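Enquirer: In case you want the letters, here they are:
There are 2 protein chains.
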Amino acid sequence: MRSIVIFYLCYLLCLCLSVACVVCVCVWNSRWRGGFAWDGSALQFNWHPVLMVTGLVVLYGNAAVLYRIPLTWGHNKLPWKLLHAAVMLLALILSIVGLCAVFDFHNAKSTPNLYSLHSWIGIAATALFAMQWVVGMGGFLLPCSPMYLRKLLKPVHVWMGIGILLLSIAACISGINEKLFFVLKGNSGGVQPYSALPPEALLGNSLGVLIFAFGLVVLKILSNYEWQRPDSRPEDMAYTPVLQEENE
Amino acid sequence: MRSIVIFYLCYLLCLCLSVACVVCVCVWNSRWRGGFAWDGSALQFNWHPVLMVTGLVVLYGNAAVLYRIPLTWGHNKLPWKLLHAAVMLLALILSIVGLCAVFDFHNAKSTPNLYSLHSWIGIAATALFAMQWVVGMGGFLLPCSPMYLRKLLKPVHVWMGIGILLLSIAACISGINEKLFFVLKGNSGGVQPYSALPPEALLGNSLGVLIFAFGLVVLKILSNYEWQRPDSRPEDMAYTPVLQEENE
Numbered sequence: 001m002r003s004i005v006i007f008y009l010c011y012l013l014c015l016c017l018s019v020a021c022v023v024c025v026c027v028w029n030s031r032w033r034g035g036f037a038w039d040g041s042a043l044q045f046n047w048h049p050v051l052m053v054t055g056l057v058v059l060y061g062n063a064a065v066l067y068r069i070p071l072t073w074g075h076n077k078l079p080w081k082l083l084h085a086a087v088m089l090l091a092l093i094l095s096i097v098g099l100c101a102v103f104d105f106h107n108a109k110s111t112p113n114l115y116s117l118h119s120w121i122g123i124a125a126t127a128l129f130a131m132q133w134v135v136g137m138g139g140f141l142l143p144c145s146p147m148y149l150r151k152l153l154k155p156v157h158v159w160m161g162i163g164i165l166l167l168s169i170a171a172c173i174s175g176i177n178e179k180l181f182f183v184l185k186g187n188s189g190g191v192q193p194y195s196a197l198p199p200e201a202l203l204g205n206s207l208g209v210l211i212f213a214f215g216l217v218v219l220k221i222l223s224n225y226e227w228q229r230p231d232s233r234p235e236d237m238a239y240t241p242v243l244q245e246e247n248e
Numbered sequence: 001m002r003s004i005v006i007f008y009l010c011y012l013l014c015l016c017l018s019v020a021c022v023v024c025v026c027v028w029n030s031r032w033r034g035g036f037a038w039d040g041s042a043l044q045f046n047w048h049p050v051l052m053v054t055g056l057v058v059l060y061g062n063a064a065v066l067y068r069i070p071l072t073w074g075h076n077k078l079p080w081k082l083l084h085a086a087v088m089l090l091a092l093i094l095s096i097v098g099l100c101a102v103f104d105f106h107n108a109k110s111t112p113n114l115y116s117l118h119s120w121i122g123i124a125a126t127a128l129f130a131m132q133w134v135v136g137m138g139g140f141l142l143p144c145s146p147m148y149l150r151k152l153l154k155p156v157h158v159w160m161g162i163g164i165l166l167l168s169i170a171a172c173i174s175g176i177n178e179k180l181f182f183v184l185k186g187n188s189g190g191v192q193p194y195s196a197l198p199p200e201a202l203l204g205n206s207l208g209v210l211i212f213a214f215g216l217v218v219l220k221i222l223s224n225y226e227w228q229r230p231d232s233r234p235e236d237m238a239y240t241p242v243l244q245e246e247n248e
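Chains as they are written, first to last, in full-length UniProt numbering: chain U, 1 to 248; chain L, 1 to 248.
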């Protein structure tokens, strides 16, 4: 009972941090960066942080912890698997549109793509996410996928899922840091430099801290053994003969 | 048996990545950034990445996985606790000297300290690490520390330890990204811009990828239930009455 109360406190924190991250990235880009457009200008770039934080971090993290909600444990797993796949698909689509925004912006300015460490980490996160979604769809949702394949795939799927979350958080932290250095140079009229910590810098830094805190809470929820859906716990996976059917 | 073979493969990978990270950051700063000094110049700054990667990431990660080595399980835990504390202390000292290098460099140039997101994440990692070391020393090594306190502290110590590792990796990725943008501007004679991916950029980006891979392997080793020292596994922690002594 105590464990379930602590879970719901963590889950509430996860939801509050989700809202805080999305609000913070939207306010930053609408109020301080001039808003949004899809015309190859800096306003198009502004979609990039908003969509990556919303898709690759917030929706992704929320979809990852879905099976941990004790309220879902008494039900058939299939609708929750469909919801997990659907939210992940939405997260993936937002991330891909977020990448298109920055590629288009770079191409319009003839700036090369994919050279910075931030871009390497971010593109790895999105590419692995797309691969993970396709393999997860084929392995866990297609009825023809055999049980032994699901058992083999599951620990890889969970581990890869955590790796993608960590990549996306590292990409966000490095991206926010880079963006604030780019735009807060303090050499154009009225712009205070990043080093003077103007309100925009405080907001951007706080967004980075919120994203990190969100990732830590998601990781905590995912790694607590007692919060795993009972039919997914390691002892069921480890001690069930590989070819025996289980309530997967 | 199979689990132990996989552990040693992971551990070998962890050691190889440790060496690769240290070699990479040393080569980058000695060959491409001009080497080292302690005179307030850019050569003093070069100690910062070398000491942070070596201390806060590589030594820290290696000290964290020490108890997971099956070879140590048959022995008394105390010498391994002392080794864990000693390597962590060395990691902490290197990190603090690494911070002094950058503070001195900033002060000599009258650049403000601790304004960027990178610095917020990095200072949080080092401050929490120092706190974690002091609390760990008092809680787990002082003979007067009562058993119920050790039991209370242990999950917090493990969880905080993972959080610090994630903070330090995020700090490294954002720091390398920032440094490469700063030094590879392409506007001074003979320097190719970051966007042209000159050899230094490839080396710096590769260092970031190696650090991330190292963190992922350490996290994998820490999170595998079968690789926990038998007297530290959760069932022992959970089912032993709080005041009953155990082979801690």
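Don't read these hints as lab results, they were simulated from the structure. Because the structure is a prediction, the values reported are computed rather than measured. Treat the hints with care, since some could be wrong.
Identical copies go unnamed one by one, so any copy, or any two together, can satisfy a pair.
As a list, the in silico DSSO-like pairs of lysine-lysine whose alpha-carbon atoms are at most 27 Å apart [as the list claims (entries may be wrong)]:
(1) K151 to K179
(2) K179 to K81
(3) K77 to K154
(4) K151 to K109
(5) K154 to K179
(6) K179 to K220
(7) K151 to K220
(8) K185 to K81
(9) K154 to K185
(10) K179 to K77
(11) K109 to K220
(12) K185 to K109
(13) K81 to K220
(14) K77 to K109
(15) K185 to K77
(16) K81 to K109
(17) K185 to K151
(18) K185 to K220
(19) K154 to K81
Enquirer: So which of the earlier hints does this model not fit?
Expert: Going through the list in order, the structure violates hints 1, 2, 4, 5, 6, 8, 9, 10, 11, 14, 15, 16, 17 and 18 and respects the others.
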